[in-house]
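Novice: Chain by chain, the residues run as shown.
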Amino acid sequence: MSYKVVHYINQFFANIGGEEMAHIEPELRDGFVGPGMALNNAWKGEAEIVKTIVCGDSYFAEHEAAAKEKILGWVKEIKPDFFIAGPAFNAGRYGYACATIACAVQDELGIPVLTGMYEENPGADMKNKILIVATANSAAGMRKAAPVMAALALKMMKGEKIGASCEEGYMPNGIRKNFFEKEIGAKRAVNMLVNKLNDKPFTTEYPMPSFDRVAPNPAIKDLSKATIALCTSGGIVPKGNPDHIESSSASHYGEYDITGVDDLTSDKYETAHGGYDPVYANEDPDRVLPVDVMREFEKEGKIGKLHNIFYTTVGNGTAVASAKAFAAEYAQKLLQAGVHAVIMTST
Amino acid sequence: MVKEIERAGIPVVHMCTVTPISMTVGANRIVPTIAIPHPLGNPALPPEEEKALRRKLVSRALEALTTEVEDQTIFEV
Amino acid sequence: MKLELGFTQINDIQFSKECKVDNGTLYVDPEAVKAFMYEDDDVKAWVKDFTFDVAKPGESVRITPVKDVIEPRVKVEGPGGVFPGVISKVDTVGSGKTHVLRGMAVVTAGKIVGFQEGIIDMSGPGADYTPFSKLNNFVVVAEPADGYQDNKHEYEHAVRIAGLRAATFIGELARDLTPDETQVFETYGIKEGIEKFPDLPRVAYVHMLQSQGLLHDTYVYGVDAKRTLTTILNPTETMDGAIISGNCVSACDKNTTYHHENNPVVKSLFEAHGKTLNYVCNIITNENVYLADKQRSSDWTAKLCRLLDLDGVIVSQEGFGNPDTDLIMNTKKIELQGVKTTIITDEYAGQDGKSQSLADADPLADAVVTGGNANEVIVLPKMDKVIGMLDYVDVIAGGHAGSLRPDGTIEAELQVITGATNEMGFNRLSAR
Chain A
1 MSYKVVHYIN QFFANIGGEE MAHIEPELRD GFVGPGMALN NAWKGEAEIV
51 KTIVCGDSYF AEHEAAAKEK ILGWVKEIKP DFFIAGPAFN AGRYGYACAT
101 IACAVQDELG IPVLTGMYEE NPGADMKNKI LIVATANSAA GMRKAAPVMA
151 ALALKMMKGE KIGASCEEGY MPNGIRKNFF EKEIGAKRAV NMLVNKLNDK
201 PFTTEYPMPS FDRVAPNPAI KDLSKATIAL CTSGGIVPKG NPDHIESSSA
251 SHYGEYDITG VDDLTSDKYE TAHGGYDPVY ANEDPDRVLP VDVMREFEKE
301 GKIGKLHNIF YTTVGNGTAV ASAKAFAAEY AQKLLQAGVH AVIMTST
Chain B
1 MVKEIERAGI PVVHMCTVTP ISMTVGANRI VPTIAIPHPL GNPALPPEEE
51 KALRRKLVSR ALEALTTEVE DQTIFEV
Chain C
1 MKLELGFTQI NDIQFSKECK VDNGTLYVDP EAVKAFMYED DDVKAWVKDF
51 TFDVAKPGES VRITPVKDVI EPRVKVEGPG GVFPGVISKV DTVGSGKTHV
101 LRGMAVVTAG KIVGFQEGII DMSGPGADYT PFSKLNNFVV VAEPADGYQD
151 NKHEYEHAVR IAGLRAATFI GELARDLTPD ETQVFETYGI KEGIEKFPDL
201 PRVAYVHMLQ SQGLLHDTYV YGVDAKRTLT TILNPTETMD GAIISGNCVS
251 ACDKNTTYHH ENNPVVKSLF EAHGKTLNYV CNIITNENVY LADKQRSSDW
301 TAKLCRLLDL DGVIVSQEGF GNPDTDLIMN TKKIELQGVK TTIITDEYAG
351 QDGKSQSLAD ADPLADAVVT GGNANEVIVL PKMDKVIGML DYVDVIAGGH
401 AGSLRPDGTI EAELQVITGA TNEMGFNRLS AR
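In the order they appear, the protein sequences are chains A, B and C.
Note that my numbering has the first sequence beginning at 1, numbered continuously upward.
Note that my numbering has the second sequence beginning at 1, numbered continuously upward.
Note that my numbering has the third sequence beginning at 1, numbered continuously upward.
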């Protein structure tokens, strides 16, 4: 039994016509049409295009909701194992349609999808949502694109492990995957530097990210009435680390009650952090989480109250996404508890 | 992490040694501390002086929380 | 400076009363190694006993917790001796002749020093990630003296010295051998180099040394790197053990002494030296925990790059987290001096690979080589034999409660494997 595939293409690749025919509504045809042949041949019977959906690029752009509804209805009925769209090369509206419809099929019908296009095609903006194979910027690249798309599609149909983007040919999708290069890293670095020095093209293995910003909240008006919480990424925990927070790559955070605790002492608290020399923090955990002086300020009336719970995690090697999720969760708890401000300490 | 607390609507001050990381990730109120293994202490000092140092640092953090800021600000100690 | 390395391939290690290298086999008497290690007072004070074992490629053997890996070498011509300032007297090394026992290493293991000792599997999937699975390993397992837990810094020092002494003892056996292969490495003075290669770009290696604290340290000619200012080294000095590891940072990206002796950046730059570039020197700089130190050291690095009139540098990192800032500060400042950079790092992108890989970032760091995502999870099968102990698998960096499963398999992040995501670019592992 071979896998059933539905292929999406535009009016041009269906040989209906160019811009003058871009208004045509979606139509459903049996078997492969146009570029579908190359994919179908590459699968050598292991998978087969059972239906081809043809839609005009302008129609899709101008009647997106209607086009989507019609196409999803067909795909739902056909129940294919896979949905493949394009490749769209550098055709902007076609690329947008391929990515949009593929994403809808994936998200709404739970069917695995794949498309292909040139990296600068506007449709490629969706590369973090669906896998998009990088192609040349014109249809002349079909000969190269078809085997790459066909091979990756077949892997996905079979449920095989998908390798790194550069191995499989899809555009980097924000998910980092390990693989073995041909050369060692130092050699790759020397080659990259020599290219850079000679103004030749080179590709970084890790493009630098950009960070979002959050506007600062208004200041505390009256400190003497404020409840202030202490939080840390320095891994301060009760002695013995009762919740087993990992020394690196923490999978959870800790929340501990310090009601009646005036000072963090070495017999009751320690650090679970594995990224720095723990001796000093273990000797006196206040060096990381200053409970002692916050209690003094509380007694002196400088601050209203030290919140009775502190939140702690280990920053060491912990994925930014996890740290974000931890903080987002306990920030809600802090809000509910009426905390006015937070002092976060990091090691 | 500081950003998530800020996002939730709670003013937050980040006390850390490596302020460039804090700037890169986007903390708004930053107080530089002593060293990575002992941000709020200095084992080389006698206990009373160390405590005084910690009071000074935390006071600065509280000042930061009571100061309106428009943009990322480092409150030098 | 010019150094000739003479390599003798070791294919087997046998315990024997007589110590010698014969026909590719190292014959060694563990008792003699032990006696040589105990000649040091600190070793005597902090190590109760040593046990010895041999692990060969392909065997169903797991070594853990691993502290350091060292290649035995001996200086046969020229000034100084191996591991200057630590084992040999302080004297500038890196010239003359050095004999190397290739294909083997001394591995120190035993009760944990910090959180961050590693695992070396000699076969199975884990073996693909550590270069040390391909070596014949002479494993020294140390048992700490009582009270070591309150004196971890002293204990770390003792085990560090013990490993270097064991390697020195074995290296000495290579003194009178006729090497299987010799290689010559030479860099030139500034003016000499320019005259020799007038048309080649001038390139240096900015070598960042882990120096975050007593359990995260590197030593240069015996000097603790955190108390140094950025300075210059002839590349060949590293081949004689001028830089050693005293380091308990995460196993996957700590540079062992073996990595320093066989620095892949030095090797790759020498391969290109005189062809596509002119390899000028190494610049060593530290990764301290004080911000002022980070600023000073990276200022100094950029200043030296300019002073040396370099065209480009390769920057390698050690560890992760706040050293990412040292890496970015160095890169940014060097680029702003008009010197082009390529950097080598590794990633902590989360087990799902979706998170941000580095703690710091800058658009000027536009040429990055990665050693892979250290958070990726791997399952290591049970091994027939364990050298050392499995007691620490759950708590070492990259492990978690339950990492060691009842059936003897281990589920953990690549972080636990010694050398897996090395940031000198020792391996082929990468990520996209």
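Each hint should be verified, as a subset may be incorrect.
[As the list claims (entries may be wrong)] Label pairs and their calculated CB-CB ranges: (1) C:125 with A:45: 29 to 35 Å; (2) B:44 with C:17: 49 to 55 Å; (3) A:77 with C:381: 55 to 61 Å.
Hint data in this document are derived by calculation from the structure and do not stem from the laboratory.
We treat Cβ as the ideally placed atom computed from N, Cα and C, and that holds for glycine.
Novice: Are the hints correct? Go through all of them and say.
Specialist: Now the hints, each set against the structure:
| no. | hint | result |
| --- | --- | --- |
| 1 | C:125 with A:45: 29 to 35 Å | 33 Å, holds |
| 2 | B:44 with C:17: 49 to 55 Å | 51 Å, holds |
| 3 | A:77 with C:381: 55 to 61 Å | 46 Å, violated |
When each numbered hint is compared with the structure, a violation occurs for hint 3 only.
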